[in-house]
Amino acid sequence: MDLNESGPRHQTASRDLVKRKILRNQHRTENIDQENFHDHNRPRLSSIALSGMTDDPTSSPFRMLYIVTTFYSLSRWENIVVPTIRHAASSISSIPSWTIDVVIVIGNEGPGDKALQMLEDILPENIGLELWENACPLGYDGRDKKILSGITRALARQHRYVIADRIDEYDFFAAWEDDMRIDADMVRYYLEVSAEIDRMRLTADDFVPDPAAIDGPMNPAQLRRVIPGFIRVEVMRDMPVAGVQTGISVDPRSAGAVNVTRCCGVPEWDKERLPYDPKAEELMTWECRIHGMSVRKFPEPIGWAALIPGPRNMPKSQIIGSRWSGASGAFGDEKKSGERDPQLFAQQGGWMATREQVLYFNDACPEGFLPPFKKESLRKHGMDPTQPHNVEFWSGGFQLFGTCNMQRIIVLNPIERFSGHLIYHSANQKQSRVTPQRHVRVTDLLGELLTVVREAEEELIATTDIA
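Taking my numbering, the leading residue of the sequence shown gets 1, the next gets one more, and so forth.
FYI, nobody ran anything at the bench for these hints, they're computed from the structure. Wrong hints could be hidden among the right ones.
As the list claims (entries may be wrong) - When the alpha-carbon atoms are kept at most 27 Å apart in a straight line, the in silico BS3-like pairs for lysine-lysine are as follows:
#: 1; residue 1: 316; residue 2: 335
#: 2; residue 1: 316; residue 2: 114
#: 3; residue 1: 271; residue 2: 316
#: 4; residue 1: 271; residue 2: 375
#: 5; residue 1: 336; residue 2: 430
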């Protein structure tokens, strides 16, 4: 039983108000009609999103909805939620043609007036703000069917209802856990790469690809599943990043290629909370290693890119051929792990997408991406204790990248673009909770990827010479 199955309806504060109106739990309960917003003929990247990439104040407005999911405590509100939202909202709203509204999905009772005012005081004007408190769906958990309670592991699902309700009101959606830090540069880069992929798709010929090919043309069905991916990182200040010994040499070009400021630069107002002036060698990731990566040479302008694990059981016409990092034997007898190995999957802690991409997600996902979901089984996901659908499914990406089979890529051409794929886990505490054997130095990961690209290039040259 899921008392929120029909989906809550929300209202965004009017931009015309001089003083921001704070809305709490403004829900309606009508069913969402998918057919009304489903348009299979829409381009994947809207023209308004492309026009929103300019600083020209006369360009069409680029409307963004930013959704943050959290459980409220005063300490977390002060030290995580408010700074994270401040960083995103101040950066994005500073671009003349961009507008942003914020929805905070809270699993329990939300902040009181004083704590709420703390957020109000740091938000730029004309940003709509809404709180959805006590947002955990109600249901029967465990074996006792007599006790009705909030299902906390399904809280991460609730942002889907917000988006389904607002799908035609915004051009771009960003749904993140409360400690994942985003800003305008990150959104710009995501749009830039998405636009490049979309232009390739619109001019691609339809053909049956060779699933073993690691370069060459790609068909529209392949390209439609490709999106920019992100790797969560932290800054390790108290000790050096040990680094995982992999057997793959680190290309020395990686040492000066990571722009740590893009993901993890700290503004003056936040330097007491986060490591100030971080260095590239201090960046650490923990759910992403070279062992799960493969590379492919995409058509220009993308060129060489790394493929993050996820897609599986794909139709032959949609398989994107690539060269696994272990193909040279660097890992000995080790076989390539499954696509959902949690230590290699690179959970993102959220996702972002244009409206057209979200609509495609809803088509590509067998069970649907937005409510009302297509399969009865998904209505139980996050509610049925026998199903492991929790934050990693709804937010981290097991559904979007592992069931819906969207293929995340990290662009390596030129190598400086790698930095645009890093996202700061600003709680900065995984480094002390995860065994050091899982710590991966980010500069090493880039260097290993560059080595795998070189090996793939040599393989292509050798194959051409033989032919």
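Hint check results:
Proposed proximity of residue 316 and residue 335 is supported: the alpha carbons are some 22 Å apart, at most 27 Å. For a cut-off of 27 Å, the pair hint linking residue 316 to residue 114 is broken: about 57 Å separates their Cα positions. Between the alpha carbons of residue 271 and residue 316 the distance comes to roughly 50 Å, so the proposed pair goes past 27 Å and is violated. A hinted pair counts as satisfied when its Cα atoms are at most 27 Å apart, and residue 271 with residue 375 does not qualify at roughly 47 Å.
This hinted pair checks out: residue 336 and residue 430 have alpha carbons roughly 25 Å apart, not beyond 27 Å.
Checked against the numbered hints given earlier, the structure breaks hints 2, 3, 4 and satisfies all the rest.
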